[in-house]
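Peer 1: Quick note on this note's numbering: the first sequence kicks off at 1 and runs consecutively.
Possibly wrong hints are sitting among the right ones.
Claimed, not checked - Just the calculated beta-carbon pair ranges, DEER-fashion: (1) 81 <-> 149: 14 to 24 Å; (2) 34 <-> 85: 28 to 38 Å; (3) 85 <-> 119: 14 to 24 Å; (4) 90 <-> 21: 27 to 37 Å; (5) 56 <-> 92: 15 to 25 Å; (6) 79 <-> 126: 41 to 51 Å; (7) 10 <-> 138: 15 to 25 Å.
It should be emphasised that the hints constitute simulated quantities derived from the structure, not laboratory data.
What you are looking at is a predicted structure, and each value in this text was computed from that prediction instead of being measured.
Quick reminder that beta carbons are idealized off the backbone N, C-alpha and C, glycines included.
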Amino acid sequence: MTKYWLMKSEPDVYSIDTLESEGKTHWEGVRNYQARNFMRDEMSIGDQVLFYHSNTKPPGVVGLAEVCSEPYPDFTAWDKKSPYFDPKTDPESPRWMMVDVAYKETFKRLVTLDELKEHPDLEEMLVIRRGMRLSVQPVDKDHFDTVLRLGKQ
DNA sequence: GCCAACGTTGGC
DNA sequence: GCCAACGTTGGC
């Protein structure tokens, strides 16, 4: 059963344009247990992903991607040269997990965070909640469809 | 670049 | 196991 997600990335670090040119990527660097658990326990191949640009102005959903691997250990955690290096984990017992994500499309237009906040059908969407910092979060199918429609119009 | 909101760490 | 200190996220 297909699930729906929103995944945040800072465009300065990894933008949807980069994903488009690479085709797919491993979603490295998630160092939050709740986000890790979503990837590890609930994601499966074919799940649909709203690609969100954070820490930019304006922030918002820029396109669509798709989960294209099972979860597997995030090897950047024990790569000393990686910005995501975590000295407290090791390959014997991986702490952090990731999935591969494939490019699907870039929206005709950016669906901004402000727009999500103002849309009457998206009041319950997690991403608009104050203090919501999860970089990987589940999205209801209804919300997903609404955002998709906004992005295509 | 500020800072509020969170999550994590570590002393006790 | 409490909680203060610290670090990070991410909108603004």
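Peer 1: Now, for every hint given, state plainly whether the structure supports it.
Peer 2: Verification of the hints:
1. Against the hinted window of 14 to 24 Å, the Cβ-Cβ separation of residue 81 and residue 149 comes to about 42 Å, which falls outside the hint.
2. Distance hint check for residue 34 and residue 85: the Cβ-Cβ separation is about 21 Å, which falls outside the suggested range of 28 to 38 Å.
3. Between residue 85 and residue 119 the beta carbon distance is about 39 Å. The supplied range of 14 to 24 Å is therefore violated.
4. Between residue 90 and residue 21 the beta carbons are some 33 Å apart, a value that agrees with the proposed interval 27 to 37 Å.
5. Separation of residue 56 from residue 92 is about 38 Å and departs from the stated range, judged on CB atoms against 15 to 25 Å.
6. A beta carbon spacing of about 31 Å between residue 79 and residue 126 contradicts the range 41 to 51 Å that was offered as a hint.
7. Checked against the given bound of 15 to 25 Å, the beta carbons of residue 10 and residue 138, roughly 21 Å apart, stay inside it.
In terms of the numbered hints stated before, the structure departs from hints 1, 2, 3, 5 and 6, listed from lowest to highest.
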